[in-house]
Amino acid sequence: MSNLRSLTFDAIIIGGGGSGLRAALELAKSGKKTAVLSKVFPTRSHTVSAQGGITCAIASSDPDDDWRWHMYDTVKGGDYIADQDASEYMCSEGPKAVFELEHMGLPFSRFDNGRIYQRPFGGQSKNFGEGGQAARTCAAADRTGHALLHTLYQNNLKNNTTFLNEWYAVDLVKNAEGDVVGCIAMCIETGEVVHVKSKATVLATGGAGRIYASTTNALINTGDGIGMALRAGFPMQDMEMWQFHPTGIYGAGTLVTEGCRGEGGYLINKDGERFMERYAPNAKDLAGRDVVARSMVMEILEGRGCGENGDHVFLKLDHLGEEVLGKRLPGIVELSKTFAHVDPAKDPIPVVPTCHYMMGGIPTNIHGQAITQDESGKDHIVNGLYACGEAACVSVHGANRLGGNSLLDLVVFGRAAGMFIEGALNEGIEYLDASESDVEFAMKRITRWNESEGGESIPALKAELQDIMQTSFGVFREEKNMQEGVKKLEELRSRIANAHLPDKSNAFNTARVEALELDNLMEVAEATAIAALERKESRGAHSRYDYPDRDDVNWLKHSLYFPMSKELKKRDVNFKPKTVDTFEPKVRTY
Amino acid sequence: MSNLQVSIYRYNPETDSAPYMQEFQVDTKGRDVMVLDVLHMMKEQDSGLAFRRSCREGVCGSDGMNMNGKNGLACITPLSEVVKGNKLTLRPLPGLPVIRDMVVDMGLFYKQYERIQPYLQNDTPVPAIERLQSPEERDKLDGLYECILCACCSTSCPSFWWNPDKFVGPAGLLQSYRFLADSRDTATSERLTDLEDPFSVFRCRGIMNCVAVCPKGLNPTRAIGKIREMLLADAT
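Protein sequence lines correspond, in order, to chains A and B. The first sequence begins at 1 in full-length UniProt numbering and counts up by one. The second sequence begins at 1 in full-length UniProt numbering and counts up by one.
Next up, chain B with everything else stripped away, as it sits in the complex (with noise of 0.2 Å):
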């Protein structure tokens, strides 16, 4: 069994003047592991390998990246699926400024997210237990609520990569989308308003990298069809 060959990204700001891609021989021992597992492996030959990893098991969402061209979790993608050719390149997630190897400035990705006022608004006074809510209207939640923030669909979005400042981005709508929905929320006229412009929702021209990327099986261009109809219906 030959070695797996990894091509991945690297930059450190202190050293590099640029970034370049680095080599590396990793013996899996033949076994189907995760890419996470690699990345653990090489950074045992190099300690100054820089990522990101937390739960190791797909629902932090710390380790996003781009692994053969492809966005996805690191940690729950096994290399059946990935390698061709005994090789994987590794790359940070496209689009956002890398603060060193893998890992990226998520910053712009975040405050699209904040931008959308990711939490409940309900101007109702507060009931003495629970809000209630039927199990109907509690489905509508499902295939949003479960969103990570690992930023794989919005770095794979070519509008996004176009306008990170103005188009909210797949992830922040799925998001916005999960507060329009959610029966318990009051403030549906002013979220659509404050989508209304040319840039926010409308740059999604339905390329659906983002379905075809996140690792949670989510479809944020469906939810920003039910906000664009949302937004159609409160215009006339």
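Looking at chain A on its own, in the form it has when it is part of the complex (with noise of 0.2 Å):
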């Protein structure tokens, strides 16, 4: 252990996608030494691809809009297990946040009249569902993510952020009383091996979708942050919540914006039916995402699907016109004829519901703090640990996220986690220093691939794993196929624990980041396996063929999955936001 250099900072964050880059901001204005580590350059991270754009009541598009409204939405889109007073804070906070990314330079589209361009979205509604259609994604074309993510790093240089990029965080380090004091890092590029000592370690690393055959996600996307905090023993959060996006590009996977069927696309079957109008008679195709995905599933499996094994439906945009194409969704025009061969003022692209997003994942509280629970349900803040974006469950999303929420979410919670760390740390942390012994704990699993002389490969191992998600834990589940999918992930945990590196070089070893990130897959898809085998009811994205009906009774709760016993508890959901009245269940329709 002696040859391990540490570095020191006050907090580091994990991931440079759009929560990370938000918060490091915040620290960096704050002057405290902070660095953001990112296996990737920042810019390349997976906010990159968000299309659509940010969904938040800035009272553009129509001036008496209400983040009340959006906040009803978001409770509503997710299936009432979304935390209120998170979603209270997210809506509230929201125009602050998209305002401040407008004031640093994003270049959003606009109105006449010079406000933001405003597009309508799936599950938006005016008045509290009353008052029909709202539009209230804020857009730069369909380039928001793009547009997000450069803003926010020029910002990080300007403000002169230390970045450790292509930097992988291998595991967290703990003290001797579970306090989270830093991690164990790797240099890509040297392969160089440090102790990176934190008094705030904050997960942004994004999603997991990789864990799925079929997704939007980049190929970067294997739950790092999930895999280090479950390892490190904490529990995670509505993990049997995937979002399956409804229009990813057949065959491809690549994403087709929401904001396309905002614009005024719609989805089609072999029929040339706009089907949607049957399965959600007033929003149609802008009902909620987890709606739509099950529509177009039933549509396929009752033979009314598109081409020739009747595997797909299509998404008609051709009525739109060139002009707006070309100006509202130029991506999208680029992307259909790359990987779908299509041009869509002509055609209609083919699209299948592809897995997209994760709604679970570290349960925190509003400024970020990781929570776990104790033998009697009782929650509790983990010392120094912190995540937000797509990998933390505030929760905003619940079992459902609506489209142009996640950017939001993004923006709202990194900067909320920047600052309480800020202020925790002028009011001065102090943790115990990990031992030589903890440190080598955390060095385990490096230390295995590093030593492994044979064994299976990695590619078909992480395929195998893709593999039984797809199938055992897609759009539509049930009890014994999931049954068989977690004892076939058991039986490939042990499998992994055995597998091979066979390249043990130190310059930019992407074969060992690759075996790193198939031990994260793991742990996420166990993670997902058993809470949705668990969560025996239907409610938003988790449908089951045996258990059809949303259970209140017993399910108006988080699950949370604990790792070393592989145990699905229940947790509360908050129902009591600070500002406004409690938005009680009701049947959710659209």
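Read the hints as simulated data drawn from the structure, not as lab findings. Do not rely on the hints blindly, as some may be mistaken.
[Said to hold, decoys possible] Within a straight-line C-alpha distance of at most 25 Å, the following computed DSS-like cross-link-like pairs (lysine-lysine) qualify:
(1) A/Lys504 with B/Lys84
(2) B/Lys43 with B/Lys84
(3) B/Lys111 with A/Lys337
(4) A/Lys29 with B/Lys111
(5) A/Lys327 with B/Lys216
(6) B/Lys70 with A/Lys337
(7) B/Lys140 with A/Lys33
(8) A/Lys158 with B/Lys140
(9) B/Lys111 with A/Lys158
(10) A/Lys569 with A/Lys488
(11) B/Lys84 with A/Lys337
[To be verified] In silico negatives: residues of chain B with every beta carbon more than 10 Å from chain A:
(12) Lys70
(13) Leu96
(14) Val103
(15) Asp123
Backbone N, C-alpha and C define an ideal beta-carbon position, used for all residues, glycine too.
Starting from two chains that each stand alone, build the complex the way the hints lay out.
Below you can see the structure in the form of structure tokens.
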């Protein structure tokens, strides 16, 4: 251990996407010794792929818009297990956070009056569901994530944030009292492994869509922070809740924004029927994503799918005209030509529901502080550990996230975590140092790979894992199939524990990174599988043939997965917003 | 269907005294896949092969490389677009130091980006809502803000190869103009002053390799022309 170099920071932020960069910006401005540690150069993070926009009641398209309406939509969209205090915070703080982005230079599209352009998105309403469709999603054409991520990176440069780019965080380091006091990290370029000491460790590592064979997610979305936290023994919340985006390009998985339907596009089956009119008579193609995805699968299962195998449907955009497509959806035109060989101005795009977003994650409060639960079911803060963005479960998305709410989540809670950590550092944080054996414990995994002498290959095991998840934990779920999935994953875990890293070199060894990522995929997959099997109801994105109804008596709760015992417990949902009345659970229709 | 013949640049600083080209046979099953898919198939044959990739849809800018002599993104380049006579030659982006295989050290490229102060500067009081900008003013940013920093342009530019430390290069200058063109930015004269020397902008010889290779269809040469005009107008 004595040869392990150490780096010391007040706060280390793991992940250079939207939430990590927003947290970092806050801390850089405060002058705290902060670093962002990212496995890719920050603008290569998955936030860059977000298209349609950032949903927020800035009252631009409708001067009477109200953040409470946005909050209502969010809570309803989440099928009532979104925490209402957190949703209240996000929707009410949102405008401030969005205006800040604009002041930083984000090139939003504009209305004629010079204000930020907003488009309709799924699940949006005026007047608490009574006033019809709202247009609340602020957009920079269909490249909002790109514009947002670059703007945040640029402003971090302006504020001299320290970046450890192309560094990979391996595992958390805990002291004897169970506080998180840093992490083990590897410089990818040199292979050097260091001990990063920090008073605040922020997991901003994003999602893990790569547990599925078909996903809109970047190749880097391997749930690294979730894996690290689970190995350190911390619980995960609502991991059964995975969003399948209605419109992934058939065969390629690349995302086609919901903004297409916001701008007037719609889905058709093989008969050319606009089938969403049957499933959601009011909102139609702009119902919640879970509703639209399920309707598409029903169409396909009932023999009305398109194509030779009848295994997808079409997204029709040609009626919008080239001008609207060129102005509002230029990126989609590009993507469809490249990945579907279709010009949407002429022909419909073949699409299919595709894994898109992890609603679950590390349970946190609105300050980003990670939460665990004791034997009696009482919440406790985990000292030193924070999470924000997709890796966190605050929870503002509940059982189904609304389109445009992820970018808002990133900036609102990245900012909130940064502000809170600044305050905590000012008050003074003292944790026990990690001992040599604590550090050694966190080194176990990378040491195992480095000493592996034979065993199965990493890409093959990864493909198997993705297959299991795709087969047993997709849009529709059922007990027997899930039980088989859980069993297969158990077996896969022991095989991965004996897998082989053939390349032991140090310089930019991407095989080693992929080995470490595979461990994380395994952790996320198992947490997802067990939570999905145990939640015996259908709610939001979690849809079971054997339990087709929502069960508010038993399951108006968060699920909490404990990695050591592999048990699923329950945690109360917050129904106590501070400034508005509680939104009571109702039957969810669109 | 015969296998695709791929010749790829290899260099591992720990084991190789010099770089070399390695031949691979890849069975694409006759499908018109992307170059990135071919790289993944090669990595299954040799896990030691190093290359960067992330979004696999042409928006993150990780996998810029030289494919049969032309820079582009591996993830959105189908074989039918580059392969000639069933042969594909892959090399790292030219002109930057190689770390390993297809992975180059982008340090100089990023340094030139940082040099132009790539962030909005506005010294007027911050309003309670957004700063207003007309659609026409906003239109001026189209074709500029979409840059993904893949470095395909700068590493295809002979002027950048020659003076990577002094010539900002097409990517950096495109970004520079993105802020010069932004109606919300108030640092125009400072930005121009910073570019006045003979190298930063004026090393551009209008060769237009940058335009030919940009995977996002952007036109750095035009942006550089606009900066020149502003500099000349400023000087008179």
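Now for the hints, and whether the structure bears them out:
| no. | hint | result |
| --- | --- | --- |
| 1 | A/Lys504 with B/Lys84 | violated, 35 Å |
| 2 | B/Lys43 with B/Lys84 | holds, 22 Å |
| 3 | B/Lys111 with A/Lys337 | violated, 34 Å |
| 4 | A/Lys29 with B/Lys111 | holds, 22 Å |
| 5 | A/Lys327 with B/Lys216 | holds, 16 Å |
| 6 | B/Lys70 with A/Lys337 | holds, 21 Å |
| 7 | B/Lys140 with A/Lys33 | violated, 38 Å |
| 8 | A/Lys158 with B/Lys140 | holds, 23 Å |
| 9 | B/Lys111 with A/Lys158 | holds, 13 Å |
| 10 | A/Lys569 with A/Lys488 | holds, 23 Å |
| 11 | B/Lys84 with A/Lys337 | holds, 22 Å |
| 12 | Lys70 | holds, 17 Å |
| 13 | Leu96 | holds, 14 Å |
| 14 | Val103 | violated, 5 Å |
| 15 | Asp123 | holds, 12 Å |
Violated hints, in rising order: 1, 3, 7 and 14; the structure is consistent with all others.
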